[in-house]
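Each chain, written out:
2 protein chains.
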Amino acid sequence: MQTPSSPDALPGLRINRARLLARLDALGRVGALPGGGVSRLALTDEDRRGRGLVIQWMRELGLRVTIDAIGNVVGLRPGAEPLAPVMTGSHIDTVRAAGIFDGNLGVLAGLEVVETLNEARVATRRPLAVAFFTNEEGARFPPDMMGSLVYVGGMPLAQALATKGIDGLTVGECLKRGALAGSAPCGDPEVHAFVELHIEQGPKLEREGLTIGAVDGVQGISWTEYTLTGSPNHAGTTPMSLRRDAGYVVANVTCYVRELARELGGAQVATVGAINLKPNLVNVVPGAAVFTVDLRNTDEQRLQEAERLVDARVRAVAAAEDVTVARRTLSRFAPVRFDPAIVARVERAARELGHPCTRMPSGAGHDAQMLARVCPAGMIFVPSEGGISHNIRERTAPADLEAGANVLLRVLVELASG
Amino acid sequence: MQTPSSPDALPGLRINRARLLARLDALGRVGALPGGGVSRLALTDEDRRGRGLVIQWMRELGLRVTIDAIGNVVGLRPGAEPLAPVMTGSHIDTVRAAGIFDGNLGVLAGLEVVETLNEARVATRRPLAVAFFTNEEGARFPPDMMGSLVYVGGMPLAQALATKGIDGLTVGECLKRGALAGSAPCGDPEVHAFVELHIEQGPKLEREGLTIGAVDGVQGISWTEYTLTGSPNHAGTTPMSLRRDAGYVVANVTCYVRELARELGGAQVATVGAINLKPNLVNVVPGAAVFTVDLRNTDEQRLQEAERLVDARVRAVAAAEDVTVARRTLSRFAPVRFDPAIVARVERAARELGHPCTRMPSGAGHDAQMLARVCPAGMIFVPSEGGISHNIRERTAPADLEAGANVLLRVLVELASG
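Protein chains in written order, with the working numbering: chain S, 3 to 420; chain G, 3 to 420.
Keep in mind that the hints were calculated from the coordinates and are not lab data. Keep in mind that the hints are not guaranteed to be accurate.
Which copy is meant is left open, so a pair is good if it fits within one copy or across any two.
Said to hold, decoys possible - Restricting the straight-line Cα-Cα distance to at most 20 angstroms, the calculated cross-link-like pairs of lysine to any residue (SDA-like) are: (1) K178 / E83; (2) K166 / A122; (3) K206 / P358; (4) K280 / L35; (5) K280 / G267; (6) K280 / I394; (7) K280 / V292; (8) K280 / G38; (9) K178 / G54; (10) K280 / A399; (11) K280 / I168; (12) K206 / S243; (13) K178 / M242; (14) K166 / R330; (15) K206 / P400; (16) K280 / D169; (17) K166 / R31; (18) K280 / P36; (19) K280 / R395.
Could you build all of it, start to finish, from the sequences and the hints given here?
Written out as structure tokens, the structure reads:
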């Protein structure tokens with residue numbers, strides 16, 4: 003193997019597009035939905051099969067695989083020197099009806115970088131690691147980015163294992179059931195730098211005709227679950243003035259959340275994504291309701307203001323309806339700024355490879371923001387067609403997937419050479 | 003047996019309160035919920051066991067039991083002459099978390115009347131029938147009052163049997179599975195008159211300190227199900243202006259329905275009771291939604307106006323959100339006027355027995371309104387504590403249950419003597 007002394011030693015090295023697409027396609031067939039798209043909620047049987055496939059690929063590429071107690075998987079390619087590794091990766095769990103790129107691209111592009119380096123017999127100074135983190139989506143177990151959060155010591159392992167999912171099972175039970183946990187420790191990783199390739203999941207790059215986003219930060223995320231208790235009653239005989247309608251309170255707050263996002267403007271987004279009424283029947287006034295509010299902003303002060311206003315509205319409307327309120331935080335992360343040197347490296351690599359690029363924040367949460375707690379970190383975005391994501395119609399053009407993976411290759415080699 | 007020539011021949015006859023309460027209690031234990039109340043959704047295993055118990059009681063009282071093809075059960079006490087019977091009854095299916103009186107009282111008070119007459123060795127001129135009708139609540143299969151509707155020929159049997167429930171099974175499948183249907187024909191019953199005792203399920207009688215409601219009619223009922231299709235998308239990366247949020251449309255309409263009921267005033271009530279979002283996850287903009295609207299009014303013109311306004315709102319908000327709309331009528335019944343002579347009889351019986359009484363409409367639909375299509379019909383209401391119904395805390399005081407059953411006894415004996 004040759005050891006490049008600088009990135010200039012590898013100017014012509016490129017990933018293999020067909021091989022990357024083939025892996026994306028193969029992993030996308032695990033948990034594939036009949037109408038297209040994929041469903042691999044964290045720690046389900048589908049997720050277990052997806053994990054098995056990626057671990058098999060890691061071993062075939064000669065990576066040394068370690069798995070920690072929350073099921074995070076790291077495949078290590080040794081470097082010329084026994085230093086802290088440069089890491090890339092993402093997640094392979096999905097929402098309930100997802101596309102095949104969200105998360106998976108970052109993991110499989112990492113493997114493609116490894117295979118490209120293997121083929122070219124390139125040895126990097128630092129080791130290179132490709133990771134996938136457990137339960138990034140949070141669609142089954144809150145909070146999202148749980149695996150990477152535990153990996154960097156941001157949440158005690160025991161707390162994560164005890165977290166109950168939407169089906170009542172805990173993370174610990176599901177890890178055990180699927181034999182998905184390993185013995186590697188978590189909470190204090192040694193990582194030199196972390197770079198994650200991901201689809202944008204929004205419309206900005208496509209709308210501006212750009213190929214690469216050099217992600218400079220991540221919006222703050224606030225997920226709250228409200229449980230409302232009123233009184234179920236007969237829909238025909240209960241005068242409007244005597245109702246204690248938990249469903250009406252949810253509806254009022256849902257409308258308010260929309261207004262609020264418009265009023266706060268800028269990067270503020272606000273979503274009521276889940277509503278569960280009891281008894282949920284046509285002829286009974288809803289006596290109880292559980293619903294969620296997802297608020298995001300790049301500015302922590304504004305995010306706190308939005309949280310305060312939503313909570314005040316819930317309490318005011320509930321009080322007027324004689325409905326009681328319980329509140330639970332499902333997830334809360336402050337906005338994150340990525341390492342300026344890595345952001346600049348991504349921009350430069352894109353420019354050198356001839357891909358139009360912009361700096362931009364991420365609207366979604368990503369594992370990279372957790373890694374940013376312990377090392378310099380950054381992200382590379384590629385366009386999402388129509389801005390569509392968390393949807394079986396999620397798609398990124400093959401040329402864009404290839405461009406993103408080549409930028410990742412270049413940035414990783416640079417970092418691993420430094 | 004003596005044959006009374008006039009109601010004056012039986013001035014002292016009274017039902018047995020303890021026996022009535024014991025049957026209510028025993029039937030309430032079938033499908034009892036751990037925290038109180040009962041759940042016997044139509045044609046479930048719990049309903050099957052409840053039906054078996056009531057049929058057993060009918061046979062023990064010497065009634066001749068017939069069951070028709072939709073599972074309506076009629077127990078006949080022969081009269082002195084082979085005339086069309088005077089019928090009473092109601093239903094024993096319940097909503098998902100119900101009290102033990104809704105419907106059950108009307109059936110078991112009918113049995114108590116029979117037992118009182120049996121004990122006193124009273125033969126009536128006309129036969130007396132006690133019936134319970136299948137799927138009155140409509141909580142599993144729309145429309146409500148399905149059994150009595152089929153009984154009077156208001157819905158073809160085949161259509162009823164093909165109706166799919168909330169769990170995807172049809173009425174026909176469930177009847178077959180539980181062996182709940184019989185061979186008696188339906189659609190053209192011979193009934194001389196029908197009187198139903200029921201709890202009010204509203205607050206009027208209690209608030210006015212009254213014991214008996216002489217029900218003079220039933221509100222018109224309109225149940226509509228809307229299916230909305232937008233686009234599921236990422237809650238963090240999708241700008242507010244690009245959303246096609248089916249959940250927001252539901253929320254907007256739910257708030258509007260509340261405003262509308264207030265604006266129309268009077269007897270108008272309006273309820274969004276069921277909301278089902280897809281994918282129903284915290285971090286995904288709801289891409290699809292199914293929800294129901296329950297509208298009721300004593301005035302058919304106003305009810306039609308309310309339906310028109312709600313539909314216009316659904317379509318306007320959905321269009322603005324780029325969400326498509328499909329509409330399905332689950333149930334639609336025009337307001338009903340009960341037979342004035344029967345209403346007057348109920349009033350007079352209550353007065354003679356010393357129970358304060360008022361004329362009032364019913365806010366809920368009842369089997370009696372279906373029987374009103376084929377014979378003179380009426381209803382007797384007793385108070386619901388706090389107006390609470392379709393709720394495990396539904397309750398009526400024993401003295402009121404007794405008063406209602408005694409009014410029923412008197413009215414039935416009068417009608418069966420005429």
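Hint check results:
1. Taking identical chains as interchangeable, the C-alpha atoms of K178 and E83 are never at most 20 angstroms apart, the minima being 36 angstroms within one chain and 74 angstroms between chains.
2. For the homomeric pair K166 and A122, neither the shortest alpha-carbon distance inside one copy (46 angstroms) nor that between copies (62 angstroms) is at most 20 angstroms.
3. For the homomeric pair K206 and P358, the shortest alpha-carbon distance inside one copy (13 angstroms) is at most 20 angstroms, but the shortest distance between copies (71 angstroms) is not.
4. Taking CA atoms no more than 20 angstroms apart as the test, K280 paired with L35 passes between copies only; the shortest distance there is 15 angstroms, against 29 angstroms inside one copy.
5. In the homo-oligomer, the alpha carbons of K280 and G267 never lie at most 20 angstroms apart, since the shortest distance is 34 angstroms inside one protomer and 27 angstroms across protomers.
6. Taking the shortest alpha-carbon separations for K280 and I394, only the inter-copy value of 13 angstroms comes in at or below 20 angstroms, while the best intra-copy value is 29 angstroms.
7. In this assembly of identical chains, K280 and V292 lie within 20 angstroms of each other by CA distance both inside one copy and across copies; the values are 9 angstroms within and 15 angstroms between.
8. Taking CA atoms no more than 20 angstroms apart as the test, K280 paired with G38 passes between copies only; the shortest distance there is 16 angstroms, against 32 angstroms inside one copy.
9. For the identical chains of this complex, K178 and G54 are intra-copy neighbours only, at 15 angstroms inside a copy versus 46 angstroms across copies, given an alpha-carbon limit of 20 angstroms.
10. Neither within a single protomer nor between protomers do K280 and A399 lie at most 20 angstroms apart by alpha-carbon distance, with minima of 43 angstroms and 27 angstroms respectively.
11. When the C-alpha separation of K280 and I168 is checked against a cutoff of 20 angstroms, the pair qualifies both within a copy, at 16 angstroms, and between copies, at 14 angstroms.
12. Proximity of K206 and S243 under a CA criterion of 20 angstroms is satisfied inter-copy only: 13 angstroms between copies versus 47 angstroms inside one chain copy.
13. For a Cα distance limit of 20 angstroms, the shortest separation of K178 from M242 qualifies neither inside one copy, at 50 angstroms, nor across copies, at 40 angstroms.
14. In this assembly of identical chains, K166 and R330 lie within 20 angstroms of each other by CA distance solely inside one copy; the values are 13 angstroms within and 37 angstroms between copies.
15. For the identical chains of this complex, K206 and P400 are intra-copy neighbours only, at 18 angstroms inside a copy versus 68 angstroms across copies, given an alpha-carbon limit of 20 angstroms.
16. Proximity of K280 to D169 under the C-alpha cut-off of 20 angstroms is found in both arrangements, the shortest distances being 17 angstroms within a copy and 16 angstroms between copies.
17. Proximity of K166 and R31 under a CA criterion of 20 angstroms is satisfied in neither setting, with 28 angstroms inside one chain copy and 33 angstroms between copies.
18. For a Cα distance limit of 20 angstroms, the shortest separation of K280 from P36 across copies, 17 angstroms, qualifies, whereas the shortest one inside one copy, 31 angstroms, does not.
19. Taking CA atoms no more than 20 angstroms apart as the test, K280 paired with R395 passes between copies only; the shortest distance there is 15 angstroms, against 32 angstroms inside one copy.
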